[in-house]
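Peer 1: Sequence:
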Amino acid sequence: MSYNPYSFQGEATANDRFRHGSQPSMEQGQPLFGAQQASQQQMPPQQQQQQQQPGFNFQNPTQSMAFQLGQSAFSNFIGEQNFSQFQETVSKATSANGSLSLYFQVTTNYVINKLRVILIPFTNKNWQRIPEAQQGSNGALSFMPPKDDINSPDMYIPIMGLVTYILIWNTQQGLKGSFNPENLYYKLSSTVAFVLLDLVILKLGLYLLVSTNSRTTNIVELICFVGYKFVPLILALFLPSSPIYLKMIVQVYLFIAFGVFLLRSVKFNLFTNTNSDMVTFNKATVRKCNYFLFVYGFIWQSILMWLMG
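Yeah, the sequence shown ends on 342 if you go by this note's numbering, and it's all consecutive.
Read the hints as simulated data drawn from the structure, not as lab findings.
One should not assume that every hint holds.
To be verified - Capping the alpha-carbon separation at 30 Å, the derived lysine-lysine pairs in DSS-like fashion look like this:
1) LYS280 / LYS209
2) LYS209 / LYS300
3) LYS180 / LYS280
4) LYS316 / LYS236
5) LYS158 / LYS280
6) LYS236 / LYS321
7) LYS158 / LYS321
8) LYS180 / LYS158
9) LYS321 / LYS300
10) LYS280 / LYS321
11) LYS220 / LYS236
12) LYS316 / LYS300
13) LYS158 / LYS236
14) LYS220 / LYS321
15) LYS280 / LYS220
16) LYS220 / LYS209
17) LYS158 / LYS300
Produce the entire structure from the sequences given, and follow the hints as far as they go.
Peer 2: See the structure below:
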């Protein structure tokens, strides 16, 4: 009989080798399991619970090595003292009572009423903001947040207006068949450039004409007022191209309405602070400020929105 290397004896030998070889591994695994169980007993309960939970365990980003290396590199770059001041500024701005977070305290009722005031400003009778009963720590007059005062500026509508305006403009370009991904960057950069130019003109004009520490001249609040222009710009995008006279009439109304809103919102709150009011300023200063706001709100804004649209 010839020898067959693939006969049952070879398979049995392999199986026997596997069966006999697997027993020491099981016996060797018992001490490892006992050591692992003993190490788990020495661990805190919180770590044991994290190890027993199935799935992925996500670490806190502030405890990761990359975050700590980046934090140390940034602190070494700007200095320990400047880094501590930076952390303090960010924590104050993002806290519940921070100066920047106050402009995002809005409600649905506020947003609806604010849009109504922007589009139909002739119905609003009172334009002065409501001051808080308690003044700030530095003696400056503080006002109610936007959710409690319709005349208070906010950052929610300008930011959402900018995003909505860019998306609607690019959607219309796509419906016309002329969409290009580069147009998204071009439109965003040109819009931000126009907004920055508008902000510089408003800030420089108020700085040269009125020397007051009013909160209305704050750069954050001026950004809010400048960003409200996206509300009429978005509505102007939905206007039909024909008849042309109807489109022109609605556009002129939107520009005039926004000019009235901007003029009254800035004018009636410009000379309000703790130490001075409109009576302490001479009539020539008030008249020059009114002329500037009229030219800025009606003429310049109409030209700017026509270029942006």
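Peer 1: If a hint holds in the structure, say so; if it doesn't, say that too.
Peer 2: Status of each hint after checking the structure:
Taking the CA atoms of LYS280 and LYS209, the gap is about 19 Å. The hint holds against a cut of 30 Å. With a C-alpha separation of about 42 Å, the suggested pair LYS209 and LYS300 falls outside the 30 Å cut-off, and the hint is violated. As the CA atoms of LYS180 and LYS280 are separated by approximately 34 Å, the hinted pair breaks the 30 Å bound. Distance restraint check for LYS316 and LYS236: the Cα-Cα separation of roughly 21 Å lies within the 30 Å cut-off, and the hinted pair is therefore satisfied.
Restraint check for LYS158 and LYS280: the C-alpha separation of about 29 Å stays at or below 30 Å, so the hint holds. Proposed proximity of LYS236 and LYS321 is supported: the alpha carbons are some 15 Å apart, at most 30 Å. The straight-line distance between the Cα atoms of LYS158 and LYS321 is roughly 24 Å, inside the 30 Å bound, and the hint therefore holds. Distance hint between LYS180 and LYS158 is fulfilled; the C-alpha atoms sit about 19 Å from each other, no more than 30 Å.
At most 30 Å may separate the alpha-carbon atoms for a hinted pair to count; LYS321 and LYS300 meet this at roughly 12 Å. The straight-line distance between the Cα atoms of LYS280 and LYS321 is roughly 34 Å, outside the 30 Å bound, and the hint therefore fails. Taken as a hint, the LYS220 and LYS236 pair is honoured in the structure, with Cα atoms around 24 Å apart against an allowance of 30 Å. For the proposed pair LYS316 and LYS300, the alpha carbon gap of about 14 Å is at most 30 Å, so the pair holds.
With a C-alpha separation of about 26 Å, the suggested pairing of LYS158 with LYS236 holds against the 30 Å cut-off. Note on LYS220 and LYS321: the hinted pairing is violated, with a Cα-Cα distance of about 35 Å set against a maximum of 30 Å. Restraint check: the Cα-Cα separation between LYS280 and LYS220 comes to about 22 Å, which is no more than 30 Å; the hinted pair holds. This hinted pair checks out: LYS220 and LYS209 have alpha carbons roughly 16 Å apart, not beyond 30 Å.
Pair hint LYS158 plus LYS300 holds up; C-alpha atoms about 14 Å apart against a cutoff of 30 Å.
Hint compliance for this structure: hints 2, 3, 10, 14 are broken, all remaining hints hold.
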